[in-house]
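Protein chains: 4
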Amino acid sequence: MKRIGLNPVGWISQLSQGEVTLLTGTTDRELYKVFRDCCLAVLNSGVDLDDAAALFAPYESFRVELVRRERGVKMELIDPPEVAFVDGTLIRGVHEHLFSVLRDLLYMHVKYSGIEAHAASDNTTEQETTISITDMVFDMLRHAKALDGNDELNTIVCWGGHSIGLEEYKYTKEVGYQLGLRQMNICTGCGPGAMKGPMKGAAIGHAKQRYKKGRYIGISEPSIIAAEPPNAIVNELIIMPDIEKRLEAFVRAAHGIVIFPGGVGTAEELLYLLGILMDERNSQHPFPLILTGPEGTQGYFEAIDTFVGKTLGPAAQSRYQIIVNDPVAVARALCESKQKVEQYRLAMGDSFSFNWSLKIEPEFQHRFEPTHEAMAQLPLHRNQSVGQLASTLRKAFSGIVAGNIKAKTVAEIKRKGRFKLSGDPELMTLIDELLASFVAQQRMKLPGSRYEPCYTIAVE
Amino acid sequence: MKRIGLNPVGWISQLSQGEVTLLTGTTDRELYKVFRDCCLAVLNSGVDLDDAAALFAPYESFRVELVRRERGVKMELIDPPEVAFVDGTLIRGVHEHLFSVLRDLLYMHVKYSGIEAHAASDNTTEQETTISITDMVFDMLRHAKALDGNDELNTIVCWGGHSIGLEEYKYTKEVGYQLGLRQMNICTGCGPGAMKGPMKGAAIGHAKQRYKKGRYIGISEPSIIAAEPPNAIVNELIIMPDIEKRLEAFVRAAHGIVIFPGGVGTAEELLYLLGILMDERNSQHPFPLILTGPEGTQGYFEAIDTFVGKTLGPAAQSRYQIIVNDPVAVARALCESKQKVEQYRLAMGDSFSFNWSLKIEPEFQHRFEPTHEAMAQLPLHRNQSVGQLASTLRKAFSGIVAGNIKAKTVAEIKRKGRFKLSGDPELMTLIDELLASFVAQQRMKLPGSRYEPCYTIAVE
Amino acid sequence: MKRIGLNPVGWISQLSQGEVTLLTGTTDRELYKVFRDCCLAVLNSGVDLDDAAALFAPYESFRVELVRRERGVKMELIDPPEVAFVDGTLIRGVHEHLFSVLRDLLYMHVKYSGIEAHAASDNTTEQETTISITDMVFDMLRHAKALDGNDELNTIVCWGGHSIGLEEYKYTKEVGYQLGLRQMNICTGCGPGAMKGPMKGAAIGHAKQRYKKGRYIGISEPSIIAAEPPNAIVNELIIMPDIEKRLEAFVRAAHGIVIFPGGVGTAEELLYLLGILMDERNSQHPFPLILTGPEGTQGYFEAIDTFVGKTLGPAAQSRYQIIVNDPVAVARALCESKQKVEQYRLAMGDSFSFNWSLKIEPEFQHRFEPTHEAMAQLPLHRNQSVGQLASTLRKAFSGIVAGNIKAKTVAEIKRKGRFKLSGDPELMTLIDELLASFVAQQRMKLPGSRYEPCYTIAVE
Amino acid sequence: MKRIGLNPVGWISQLSQGEVTLLTGTTDRELYKVFRDCCLAVLNSGVDLDDAAALFAPYESFRVELVRRERGVKMELIDPPEVAFVDGTLIRGVHEHLFSVLRDLLYMHVKYSGIEAHAASDNTTEQETTISITDMVFDMLRHAKALDGNDELNTIVCWGGHSIGLEEYKYTKEVGYQLGLRQMNICTGCGPGAMKGPMKGAAIGHAKQRYKKGRYIGISEPSIIAAEPPNAIVNELIIMPDIEKRLEAFVRAAHGIVIFPGGVGTAEELLYLLGILMDERNSQHPFPLILTGPEGTQGYFEAIDTFVGKTLGPAAQSRYQIIVNDPVAVARALCESKQKVEQYRLAMGDSFSFNWSLKIEPEFQHRFEPTHEAMAQLPLHRNQSVGQLASTLRKAFSGIVAGNIKAKTVAEIKRKGRFKLSGDPELMTLIDELLASFVAQQRMKLPGSRYEPCYTIAVE
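Protein chains in written order, with this note's numbering: chain E, 4 to 463; chain X, 4 to 463; chain U, 4 to 463; chain R, 4 to 463.
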């Protein structure tokens, strides 16, 4: 048995005795398992695999222990993967990532464990809930030091599939390169594919410009990090408790967003953002949003655009720009939009590093648990506001992502069969067509594996 | 009316909406007054006066306001003293100090407002109390970033009178200079006299050694800062809620302590520290402690040493070294003791920046409110442990300090007459003699004003 | 006509009037042409081409001008290549490289223009010559700030072909990655192939280790930079006046050398280094030297090793280690040799950043002009010391490199026919076999072009 | 015998073998003595004495040796003064100053040893001379790294007596404090009195503004440094070869000049500067110049002003502003003049860190050797241009300074009697009155010693 002690670095080297007790005293088996799995994923940083089971199989004996010392807490790894070490020493970047996991998963968990429960209780107004969840997102980014240095209006969030072809991957790299040459930083979901390409490209652009402050921020969540371990470029890792908080972290920290071709997860992200931007209170809020891909993705974006047009209407369509096969144009557009963002933040007295003035409804903030029942009950019809419809569609797609790759939901599907979605015939047809096109384009899984749908669509 | 807005800097530029609400929402008139007075004291940094009333008189119309903005909070000063401005711009150091006041007085106050009440409740064990007060002290120092860079074992706390003669003042400067040449940093009570001299000397020593990381830490408390505004050298200001927490902050952050001649406040500090060091659990704890003064202070230190010997005994006397008129010897002794401190911290797994392993009994941590009643009831007799006796004597002296310079207590004395101290005849005589010698040596007040005692001593 | 002014940065922003006069006053047409071509090469940084003519064809109207200003000198580019600009602004790294060209080609040229002539004059002892050429190499590296930060014994020079296959390229990247993970820096000839791979790999290794001081030093020469423009990773560019000074710069700055498979240029480098190490005065000098390549290069290295064994003997063979297909072993060996290098430098009182104590004979320092006559007269026989033989072989290979890719020599070959090499039959056969193997392995030119030999071998 | 080796720091740790030979090979006894004396002066930094003989007496056995090592050169001190050491280690600032002495006195001396001789030769035009001396001044400042960071237009040169009363000293401190609060840096002649006060004040102003880039530049010369060793605040020491180069260094590096009351040396400085500013080519050149002193110095400044008015005329008077007893006004005036300086430098294309565009005639640049003969022959009459008259007066005063404190001239006076100055009766009377007033005000020597004039004034 190999046992390796890690000296605490950064914030964790300054803990009070009370905080140490909270950290080391947990007896929550479930939480420990998630923590251990996230550590294992981080120790496999840079390995390209989206099958958590395959990734973890060789490391059954791996464990993490927290050891109390007078001055704080020490982490010990038992039987960790060799790949994370150089001549017996843990790679520095991985070392930092492990303490990010500790910070977000244990420390922040303890601090905010009650927030969803609290929000659900009766004596809390919606207003309070919104603020407190946003405050939590803020506090987690602040504690991760992700807000320091985020005030130059140059953080571009890139969304897109982890499973994309070589052409599309090269394209994301090229967009990243052009952004890097313009001293933009990159924030993604932290895995492979469209989450890695822009970072890799930006790193070269930064090097050429002698830009020393390059940030490659990966924002993940416990239920997905194992399937998408941080790529080798990520130099800041943040793990938000669930997809809703993760999406909020993206939009609050971003100064512009690029969406590359992806699967149903990417559609979820687009609908989430459009749902928020459709909120009347955000109608004047400038939010640079570009959908882009290489030659050959026109069809893909037309399908998305049509779907948005037919479901949410032209106002939603007007919130994004589609640019095909022109990385320079993408980078320039984002550069130019900086000014508008700056003016708006100044006018609002808003922070440059955190987009407080964007209004987000509670239904976009609370955890949607995609059980069979919840999925079956989604109100997939037109008798609701555009914002609510966007929220409902977002949840439907979120559930399908879970059914595709989140271990727990995958298991549920195995046990109970596929999710059943139903609603307005016309709406259901639109959804059906969009999802079918993703499957046809192999956007549901990493190449090599055949996609087995986790849902059926029924017309009410 | 002159109104000046201050942009938030540092930690305060990153506040959540909830935190802003807490900060701006206080309706506590008393707290606001303390806050306003502390700000006024800070705006008078560098002015040598120990009469708060005289200092504040010209600024009756002065006010501070907190203004809520989307991104956080802004401070506004109404009719501030001219002395703090250069061509209309607030001096940077004062700007920082004001936000330190905001941080410690409002932000931390809100966070820890319940701690003394909580400690007083029945269902808290002593052990819990100790830890939670120490945790609070730690948290306040951590939040003030006073622990960053405190891990080189070179923080020397200097205690001593604010009212000292020129010879003694020069001596404190010379000791500071020798410490500065040896790359030691200085932490004091942040006012004039022996609190300023060592900083001034160290600054020159640091400059000669091209030492860029010079720290001049002032630790004050709300009830005393007006009487002892920060001197011009202080570059880190921390305001602890009361004298007990302040003393704990000193001893936890220090790697060595120098005590210069002073009055009853200095005696309080010495008794506080000896009381802790007499705790059996600290018997192996190395804690460098030097009493020093210029030629002519032999008598003063002999009086102190005799008092300690006769009250606490030779074991207490062995915890300090008296060095008269030899600044180089003082600095060398502290330099040499670094190694022992380092070994002990390593052996204990203790932090280099915060002395967790020093045990402090609750009676040294809780606020002692020097009312006439409390003073009268102090058990000034020998039927207690040495540690308890030290604690009792500390409280007696603490009350006299309050009666001398803390506005509220001074007013009480005016209204109700002098404190009455009583106890064992022999002990009372020792106390009486010590205090009388302070009065005779003009160590009770800044020169120029005649000392009017705030106590009488009775033998039971 | 497009004209772009570049503000001076770094050293050039501080020039005396006399220095400005020297810089702007040159009327040397030949020197100007070389300067202009080097600038053009640098503006094409990152473009992979080894045909200078093809590279330069589109930019016939390109010119550089130096403009005198009161405070110094400004550079102006007329009709520069678009590829070096982002939204109208020159890429920062290219900007820096241009001023490196100015520094080394004009400024240092003026300073040292007489050095070769001087050395040739009668009243200079050999000892003086050696020192003055070494001093010049030192001064150029110092002025380029290449010695600052070169004192951590972690600069690894990588030699190898610019024309290598994908497998070999990937291998150089992997070796660079392993070196980067161990916080080694990379110095190469600054072009593509084996000069780029190790830098690219090291950059990723550095990023993972959060190593901020990554150096990717390219050392080129005027006659070759056009054929091998700096790759995109190079962040320090130095242009030495000729191959002899360039080789000396490599060995004086290096703390270890890796030789990847290459063509005749690589053989020249190996013979140069072995010739020096065979000097008796260097017999105790530790100089880590590793020959390495991927699976399949055993044969290549055996051929080299055999050639060295049969020409220079087993003592020469003992100065290097051959490692096939094991990047980790290469990196570890270099790491471990640090200690020996450190001990030797300390024992000699030598600098960590410049290897003064390595003795280099004048014949390795002076420019060898590969005319047809000089090549024909090379004493390719065994009646000389091992060091002299190494020097002679080095010259022969150097001439062939020039005949392959240096524009001037290529033109000579076209005009006068191939070089004629002649000497001892046995030696000539060894040479013939080695060169033939390079041709067979396509190591003479970038893939796609057929190699046309520039020499014939005759037996005396 | 105590021998202490000093490791080379900074530029000296990177020397070529040729440079080492030059440094260690000097057999110039005279130069060595000067070097040794300057080192001794620097080792006495902070000691206030203007009697070199008294200062040096205790250290007769003191010597400095340069030791050649493979990598460069090492300095060794034999029997150095204790005051420069802390627990056996040389104070860092003194360590740096010693290498500044080595740099300017030996290294630069060797480089420029021929410059005055060269200038004197026939085949050099005046234009060339001016440029080459200015280039030398530039090169010395550049090599001392004094130009880096000198581009913020905030370097204020302060001139004034080393022998001043407490009131005047306090005033210079207060002016320095006000300049420091406005983030101005201070450059002086590096000794005590008006050369120390502004630095000390500025240091406190800088500390209060948290200004980290505080520069306290002392520019001295070999013949005077022993009489005025660097004060404790100087953090950059430069030693120019003679008073003419030193004055040029002051005016080229300055962005504004303050003249405090002083003696004849201060008058020399004022005349030097006015002589240059009277040059027609400088008539548009903005050069902030303020004469200032505390209450009670009105008379002093009136005397000076009258002297300037009667000798050089009202145009000269218009180049300065006299401000009595108002430090804030002095600092504000210099702050406000920044803008004009900036505009002029931009318009001229001039450097911000070195005032190239100020024209200085050769007669202000060449060394004036104040022999009895040279002094006697000074053309003290009105048949010359205003600039020439200023130059002549400057030389007369320069000679008197030498006669007062420069060891060599003091000895000459002892041997040959007083200097004889003669010329126009009216002019001689003006000079006589001015000098007499300095004597009366005790501005010729440090208090405590009686002034013995070194000159007599005769009317032709």
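Since the hints were made in silico from the structure, they are not lab data. Virtual Cβ for every residue (Gly too), placed ideally from N, Cα, C. Please note that a few of the clues may not be correct.
[As the list claims (entries may be wrong)] Only some residues are given here: those of chain U computed to face chain R with a beta carbon under 10 angstroms:
id, residue
1, Leu-69
2, Arg-72
3, Lys-77
[As the list claims (entries may be wrong)] Using C-beta positions, here's what the derived DEER-type ranges look like:
id, chain 1, residue 1, chain 2, residue 2, range
4, X, Lys-343, E, Asn-10, 41 to 51 angstroms
5, E, Asn-10, U, Lys-173, 27 to 37 angstroms
6, R, Lys-148, E, Asp-308, 21 to 31 angstroms
[Claimed, not checked] Now the stretches of chain U that chain E is said to cover, found in silico as 3 or more residues with beta-carbon under 8 angstroms:
id, region
7, 210-217
8, 256-269
9, 343-350
Right, here's what the structure says about each hint:
1. Leu-69: At 14 angstroms from the nearest chain R Cβ, U:Leu-69 fails the 10 angstroms test, so the hint is violated.
2. Arg-72: holds (4 angstroms)
3. Lys-77: holds (9 angstroms)
4. X:Lys-343 with E:Asn-10: 41 to 51 angstroms: violated (23 angstroms)
5. E:Asn-10 with U:Lys-173: 27 to 37 angstroms: holds (35 angstroms)
6. R:Lys-148 with E:Asp-308: 21 to 31 angstroms: Violated, since R:Lys-148 and E:Asp-308 (Cβ atoms, about 60 angstroms apart) do not stay within the stated range.
7. 210-217: Result for this restraint: holds, n = 6.
8. 256-269: violated (count 0)
9. 343-350: violated (count 0)
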